[in-house]
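Just so you know, the sequence shown maps onto residues 70 to 194 in my numbering.
The set of hints was computed from the structure by calculation and includes no laboratory data.
Treat the hints with care, as some may be off.
As the list claims (entries may be wrong) - Calculated lysine to aspartate or glutamate pairs in the DMTMM-like style (CA-CA distance at most 20 Å, straight line):
no.	residue 1	residue 2
1	K94	E138
2	K107	E136
3	K124	E172
4	K124	D105
5	K94	E168
6	K94	E136
7	K124	E108
8	K107	E168
9	K107	E152
10	K94	E152
11	K107	E138
12	K124	E168
Stated by the list, open to error - So the derived label-pair ranges between C-beta atoms look like this:
no.	residue 1	residue 2	range
13	K124	Q149	34 to 40 Å
14	R174	E72	44 to 50 Å
15	S147	V121	34 to 40 Å
16	R165	N86	31 to 37 Å
17	Q149	E80	27 to 33 Å
18	D105	I169	20 to 26 Å
19	K124	L146	30 to 36 Å
20	D76	M96	37 to 43 Å
Where a beta carbon is used, it is the ideal one built from N, C-alpha and C, also for glycine.
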Amino acid sequence: LNEIDLDPFKEGIPNWNGEGTTEPKEMVLITQSWRDLKEIMSSYVGIVRNNVRLKRALARLHILYRETEELYQNTVLSPQLFELRNLITMGYLITRSAEIRRESRGLHFTTDYPDRLPFQDHTTL
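Using the sequences and the hints, build the whole thing.
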């Protein structure tokens, strides 16, 4: 292995600059978005799926993403906010992956593509 140049890391990670941010006045914004995310994923991206549900889920995930990014940019960061951002990202990835797949497999059944396609046994996304 080649040696890694560690000089850029000697100064360490710079301190967080919270200038322009405020304390979140209402944690309900984060907890409600969390509930909304659970509902979106359960209702539209659950075991039985179809293209209409997946498109609706993506539209709602985009709204949650915008709202959460606004909080992220304007409030003091918290573990709950980080986790919400990560969960929204995972929800998006799961939904997009389901939208790309043109078959039913295992417990994930899509009414638009009810058959299993053997050539997709080892799909890498």
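Task: Beta-carbon spacing of R174 to E72 - inside the hinted bounds 44 to 50 Å or not - done: holds (45 Å)
TODO: Decide if the proposed pair is consistent with the structure: K124 and D105, CA atoms, cutoff 20 Å inclusive.
DONE: Cα-Cα ~16 Å, so holds.
Open item on the list: With the threshold set at 20 Å, check whether the alpha-carbon distance from K107 to E152 stays at or below it.
Closed with: Holds: K107 and E152 sit about 13 Å apart, inside 20 Å.
Open item on the list: Does the beta carbon distance between R165 and N86 stay inside 31 to 37 Å, or does it fall outside?
Closed with: holds (33 Å)
Task: Range agreement (Cβ of M96 with Cβ of D76, hint 37 to 43 Å) - done: Holds, at about 42 Å.
- [ ] Starting from K107, check that the Cα of E136 is at most 20 Å away, please.
- [x] Between K107 and E136 the Cα gap is close to 16 Å, so the pair holds against 20 Å.
Task: Distance restraint between K94 and E168, which requires alpha-carbon spacing of 20 Å or less - done: It is violated: about 37 Å lies between the C-alpha atoms, which goes past 20 Å.
Task: K124 paired with E172 [C-alpha distance capped at 20 Å] - done: holds (17 Å)
- [ ] Mind checking the hinted window 34 to 40 Å against the Cβ distance between K124 and Q149?
- [x] violated (29 Å)
Open item on the list: Check whether the Cα positions of K124 and E168 lie no farther apart than 20 Å.
Closed with: It holds: about 8 Å lies between the C-alpha atoms, which stays within 20 Å.
Open item on the list: Tell me if the straight-line CA distance from K94 to E138 falls inside 20 Å.
Closed with: Between K94 and E138 the Cα gap is close to 16 Å, so the pair holds against 20 Å.
Open item on the list: Given a hint of 34 to 40 Å, does the C-beta separation of S147 and V121 actually sit inside it?
Closed with: 35 Å Cβ-Cβ, so the 34 to 40 Å window holds.
Hint compliance for this structure: hints 5 and 13 are broken, all remaining hints hold.
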